[in-house]
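K.L.:
Model the full assembly from the supplied sequences, consistent with the hints where possible.
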Amino acid sequence: MPITREEAFTEAASKILDTNSFVRAVLSGRRRNMTVDFERIDIRLVEIKGVLHLQLMQNDGRATTTKNLLPSMIEVDQLLNSGYANIMVETTDEVYSIRVTKSGDAQVHTEKRKSEQNLLHDRKKERLLDSNDPFLREVGISDAKGVIKPSRQDKYKQVEEFLRLLSPALNAAIEAGQIHKPTKENPLRITDLGCGHAYLTFAAHQFL
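First residue of the sequence shown? That's 278 in our numbering, and the numbers climb one at a time after it.
Calculated directly from the structure, the hints in this document are not laboratory data. The structure presented is a predicted model; accordingly, all values stated were derived computationally and were not measured. A hint or two may mislead.
[Unchecked claim] The calculated label-pair distances, taken between Cβ atoms and stated as ranges, are:
no. : residue 1 : residue 2 : range
1   : 407       : 287       : 32 to 40 Å
2   : 297       : 415       : 21 to 29 Å
3   : 415       : 360       : 37 to 45 Å
[Unchecked claim] Below, computed lysine-lysine pairings styled on DSSO-like, alpha-carbon distance capped at 27 Å:
no. : residue 1 : residue 2
4   : 379       : 461
5   : 389       : 434
6   : 379       : 391
7   : 344       : 292
8   : 391       : 434
9   : 461       : 389
10  : 292       : 432
11  : 422       : 344
12  : 344       : 461
13  : 292       : 422
14  : 326       : 458
15  : 391       : 458
16  : 326       : 344
17  : 461       : 391
18  : 458       : 389
19  : 432       : 422
20  : 292       : 326
Glycine is no exception: its CB is placed at the ideal position from the N, C-alpha and C atoms.
P.N.:
Next comes the structure, spelled out in C-alpha cells:
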C-alpha cells in the first residue's frame, strides 16, 4: 500500500533513532525546486566514552565536516525533510530507501539484509571493491600491489559511493517493474554513453 512522503520520513526517522538496530543513513541528491546545505550527509551510530552519539558527516562538495551529537539533540524529522531526494537507512535487519520523485511523491523500497553495528568512533570504512580488485588496477586507480594511488583516492571514493547507491536503487527498480529481474539467460545490460573513462560503468559490471 502506498504511503505519503511524511509517513515515509517518519518511518525513516524512527529507524535512525532506534539505537538498538540503527547502523547508518545517507542523504543525497536534491529535490526539485529545493536547495540543500550539503551535497551529502552520512549518519552513523558511534559510542564515545560509553555514550551513544549520532555522527553526522556533512559534505559540501569541497570538504567534510563531522559532528558527534546526542540523538536527543538532532531534529531528525526536520533533517529528512530538508530537501534531499534520496534517503537510505540501514539497520541490522534491512535497508529502507526513499526516493522523492519530481512530483514530490515518495517511492519506498525495503530490502532485507543483515548488517552489524560498529560503534567505533574512528573505524576503517568497509569497501565494496577491495583495493586489490583487478578492475581497479586495470583502470589505474590502484598500483600493481593493490594499493590505491594517492592521486586516485577521490576517484576510488566516487566508485565506492556510486556502488552503495546502485544496489538499493536497482532493487527498487526491479521491484517496481521498471527493470527486469536478471537471469543467466536474460542478464542486465549496461550502456556506457561514451564520455570519460567509464570508471563507473566498469565498476558496476564488476560489482554486479
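K.L.:
Hint by hint, note whether the structure agrees.
P.N.:
Tested hints:
At roughly 38 Å, the beta carbons of residue 407 and residue 287 sit within the given window of 32 to 40 Å. The hint said 21 to 29 Å for the Cβ distance between residue 297 and residue 415, and at roughly 43 Å that hint is violated. Checking the proposed 37 to 45 Å range against residue 415 and residue 360 shows it holds: the Cβ atoms sit about 39 Å from each other. For the hint linking residue 379 to residue 461, the alpha-carbon distance of about 34 Å lies beyond 27 Å, and the restraint is violated.
With a C-alpha separation of about 26 Å, the suggested pairing of residue 389 with residue 434 holds against the 27 Å cut-off. With a CA separation close to 31 Å, the supplied pair residue 379 and residue 391 exceeds the 27 Å bound. With a C-alpha separation of about 20 Å, the suggested pairing of residue 344 with residue 292 holds against the 27 Å cut-off. Proximity of residue 391 to residue 434 is assessed by CA-CA distance (about 24 Å); at most 27 Å being required, the pair is judged to hold.
Between residue 461 and residue 389 the CA atoms are separated by roughly 23 Å; this keeps the pair inside 27 Å, and the hint holds. For the hint pairing residue 292 with residue 432, the CA-to-CA distance comes to about 31 Å; that exceeds 27 Å, so the pair is violated. About 35 Å separates the Cα atoms of residue 422 and residue 344, which puts this hinted pair outside 27 Å; it is violated. Using a Cα cut-off of 27 Å, the hinted pair residue 344 and residue 461 is violated, with the two alpha carbons roughly 46 Å apart.
For a cut-off of 27 Å, the pair hint linking residue 292 to residue 422 is broken: about 41 Å separates their Cα positions. This hinted pair does not check out: residue 326 and residue 458 have alpha carbons roughly 46 Å apart, beyond 27 Å. Using a Cα cut-off of 27 Å, the hinted pair residue 391 and residue 458 holds, with the two alpha carbons roughly 22 Å apart. Annotation: proposed proximity of residue 326 to residue 344 holds, straight-line Cα distance about 15 Å (limit 27 Å).
For the proposed pair residue 461 and residue 391, the alpha carbon gap of about 26 Å is at most 27 Å, so the pair holds. A hinted pair counts as satisfied when its Cα atoms are at most 27 Å apart, and residue 458 with residue 389 qualifies at roughly 17 Å. The suggested pairing of residue 432 with residue 422 holds, with an alpha-carbon distance near 18 Å, which does not exceed 27 Å. Of the supplied pair hints, the one linking residue 292 and residue 326 holds, its CA atoms being roughly 23 Å apart against a limit of 27 Å.
Violated hints, listed in ascending order, are 2, 4, 6, 10, 11, 12, 13 and 14; each of the other numbered hints is respected by the structure.
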